[in-house]
Amino acid sequence: MAFTIAKKPELDINGERWVEFAPGAEILVGSIANPLYKSHQALINRHLALINQQARVGTAEFSLADIPDVELETDDDLFIELAAKHLIKGWKGVDIEEKPGEPAPYSPELCVQLIKQMNSVYFLALRTATDIARRVEEKAAATAEKQ
56 MAFTIAKKPE LDINGERWVE FAPGAEILVG SIANPLYKSH QALINRHLAL INQQARVGTA
116 EFSLADIPDV ELETDDDLFI ELAAKHLIKG WKGVDIEEKP GEPAPYSPEL CVQLIKQMNS
176 VYFLALRTAT DIARRVEEKA AATAEKQ
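Heads up, the sequence shown is in our numbering, so the first residue is 56 and it goes up one at a time.
Certain hints may be false.
Said to hold, decoys possible - Label-pair restraints from in silico Cβ distances:
(1) 123 to 80: 35 to 45 Å
(2) 150 to 74: 15 to 25 Å
(3) 130 to 173: 13 to 23 Å
(4) 109 to 71: 32 to 42 Å
(5) 81 to 132: 33 to 43 Å
(6) 200 to 99: 29 to 39 Å
(7) 128 to 189: 23 to 33 Å
FYI, nobody ran anything at the bench for these hints, they're computed from the structure. We treat Cβ as the ideally placed atom computed from N, Cα and C, and that holds for glycine.
Can you build the whole structure from these sequences, using the hints too?
What follows is the structure, given as structure tokens:
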């Protein structure tokens, strides 16, 4: 077989789901509809928009020569931190180089390191978080139809 159609994951418990990102390693992902995630995402978007506005990005006046020689965080770094803080809630099967074989306790800071080492974890978390939110909406719509 070239492709197997999988069943939907079981209903997410408390709006969270464990997903495997490597053999023997899983992350616990929460919903992208989390109000804190959405609020902090909006703040990041406004922050980036203000930086672009100050640099006159998208206008005829934009010039690299006018940009000050300061290092600004990238949008990638900000969105990775956001996912590590609000979407990824925990993990199993992850250790650190200094203590191989010993499970590392989850922290957003370590999660950022994991994502930078294995960026597919970030995209898996986004897909899963979006699917969790979509399924909650579908369930709510189905419940509303029954009433």
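Hints versus structure:
With their beta carbons about 41 Å apart, residue 123 and residue 80 fall inside the hinted range of 35 to 45 Å. In this structure, residue 150 and residue 74 meet the distance hint of 15 to 25 Å, their C-beta atoms being roughly 19 Å apart. For the hinted restraint 13 to 23 Å between residue 130 and residue 173, the CB-CB distance of approximately 19 Å keeps it satisfied. The hinted window of 32 to 42 Å between residue 109 and residue 71 holds, with their beta carbons roughly 38 Å apart.
Here the CB-CB span from residue 81 to residue 132 is close to 24 Å, at odds with the stated 33 to 43 Å. Separated by about 36 Å at the C-beta atoms, residue 200 and residue 99 satisfy the suggested range of 29 to 39 Å. For the pair residue 128 and residue 189, the supplied restraint of 23 to 33 Å holds, since their beta-carbon distance comes to about 30 Å.
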